[in-house]
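**Student:** Here's the letter readout for the chains.
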Amino acid sequence: ETGVTQTPRHLVMGMTNKKSLKCEQHLGHNAMYWYKQSAKKPLELMFVYNFKEQTENNSVPSRFSPECPNSSHLFLHLHTLQPEDSALYLCASSQDRNSNQPQHFGDGTRLSIL
Amino acid sequence: QQQVKQSPQSLIVQKGGISIINCAYENTAFDYFPWYQQFPGKGPALLIAIRPDVSEKKEGRFTISFNKSAKQFSLHIMDSQPGDSATYFCAASPYGAGNMLTFGGGTRLMVKP
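Respectively, the protein sequence lines represent chains P and Z.
Quick note on our numbering: the first sequence kicks off at 1 and runs consecutively.
Quick note on our numbering: the second sequence kicks off at 1 and runs consecutively.
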C-alpha cells in the first residue's frame, strides 16, 4: 500500500480517443503532482496542485487537461494525443508544495498511443 | 538554469562493492537535494535527502556527499546488494519550494551476486 493509487495501470488508446487517468491519495496531503516519465528523458513535472489550486503548468500541451476536485483526487484528461505522448504517467502527493516533506509516488499509468 | 545532470546512466557493481552515482547542478537557488529509488513497475520512493548546510549525510548503507562550491552531490551505496538493483534519481529544488523538484536523468544500477 503506497498511499497513492493510480488507475488504470495500463492504457492503450488511439490518437482520436478521449480518456482519463485517475490518482487518489489516502495520506491527508494537500499537494498533488503529475509527472511524465519517458525512456530517454528525466522525470518531467507537468502540473502541480496545492490545496486544490493549480500552481504550476510546466508548458504542457492543451491536449492534457488536469482536474483536482478535492485534495485527495487528481485526474488527467487526455484527448487527441500524439505518439510521442506514450510514456509512464506518475502521480505524487506531498504535505504541501513548499515543504521538504517527501513526495509519495503512485506506481504510474503506462500509456501507449497507437 | 534548472538542469540537474546525473552520471553514469548505468552502473554494474559486484555484491559487496561500493556504488557511486554523481549529480551536478547549476542553479544556486537549489537548497534541497533528495535521492529517489525506483524499482521496475513501481513509482520512485524517497531514499535519502540533504540540505547544503552539511557536507555528508548517512543512513544505513546509503550516504550523500555534498560539495556546495563545486555544485555537485553524490550517492554512495556501501556493501551493495542485489536487492539494491534499481534506478536511482537525484533531484533538486529551490529554497522555499521544497517539492518543486528538478530530476536528473537516472542511473540504472545492477548489483551482480
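Derived by calculation from the structure, the hints in this document are not laboratory data.
Hints should not be assumed to be uniformly reliable.
Lysine-lysine pairs mimicking DSBU-like chemistry, simulated, CA-CA at most 30 Å apart [stated by the list, open to error]:
#1 Z:Lys-112 to P:Lys-52
#2 P:Lys-22 to Z:Lys-57
#3 Z:Lys-42 to P:Lys-18
#4 P:Lys-36 to Z:Lys-5
#5 P:Lys-41 to Z:Lys-57
#6 P:Lys-52 to Z:Lys-71
#7 P:Lys-41 to Z:Lys-112
#8 Z:Lys-71 to Z:Lys-57
#9 P:Lys-22 to Z:Lys-58
#10 P:Lys-22 to Z:Lys-15
#11 Z:Lys-68 to P:Lys-18
#12 P:Lys-52 to Z:Lys-68
#13 P:Lys-52 to Z:Lys-42
#14 Z:Lys-68 to Z:Lys-57
#15 P:Lys-22 to Z:Lys-112
**Student:** Determine for every hint whether it applies to the structure shown.
**Tutor:** Status of each hint after checking the structure:
1. Restraint check for Lys-112 of chain Z and Lys-52 of chain P: not satisfied, since their Cα atoms lie roughly 45 Å apart, outside the 30 Å limit.
2. Our distance criterion of 30 Å between C-alpha atoms is broken by Lys-22 of chain P and Lys-57 of chain Z, whose separation comes to about 36 Å.
3. Distance hint between Lys-42 of chain Z and Lys-18 of chain P is fulfilled; the C-alpha atoms sit about 25 Å from each other, no more than 30 Å.
4. About 18 Å separates the Cα atoms of Lys-36 of chain P and Lys-5 of chain Z, which keeps this hinted pair within 30 Å; it holds.
5. Pair hint Lys-41 of chain P plus Lys-57 of chain Z holds up; C-alpha atoms about 28 Å apart against a cutoff of 30 Å.
6. Only pairs whose Cα atoms come within 30 Å are accepted, and Lys-52 of chain P paired with Lys-71 of chain Z is rejected, the gap being roughly 35 Å.
7. Among the hinted pairs, Lys-41 of chain P with Lys-112 of chain Z is consistent with the structure: their alpha-carbon atoms are about 26 Å apart, no more than 30 Å.
8. Taking the CA atoms of Lys-71 of chain Z and Lys-57 of chain Z, the gap is near 16 Å; set against the 30 Å cutoff, the hint holds.
9. With a C-alpha separation of about 36 Å, the suggested pairing of Lys-22 of chain P with Lys-58 of chain Z is violated against the 30 Å cut-off.
10. Taking the CA atoms of Lys-22 of chain P and Lys-15 of chain Z, the gap is near 39 Å; set against the 30 Å cutoff, the hint is violated.
11. The straight-line distance between the Cα atoms of Lys-68 of chain Z and Lys-18 of chain P is roughly 47 Å, outside the 30 Å bound, and the hint therefore fails.
12. Proximity of Lys-52 of chain P to Lys-68 of chain Z is assessed by CA-CA distance (about 35 Å); at most 30 Å being required, the pair is judged violated.
13. Only pairs whose Cα atoms come within 30 Å are accepted, and Lys-52 of chain P paired with Lys-42 of chain Z is accepted, the gap being roughly 26 Å.
14. A distance of roughly 14 Å separates the Cα atoms of Lys-68 of chain Z and Lys-57 of chain Z; the hinted pair therefore holds under the 30 Å criterion.
15. Distance restraint check for Lys-22 of chain P and Lys-112 of chain Z: the Cα-Cα separation of roughly 37 Å exceeds the 30 Å cut-off, and the hinted pair is therefore not satisfied.
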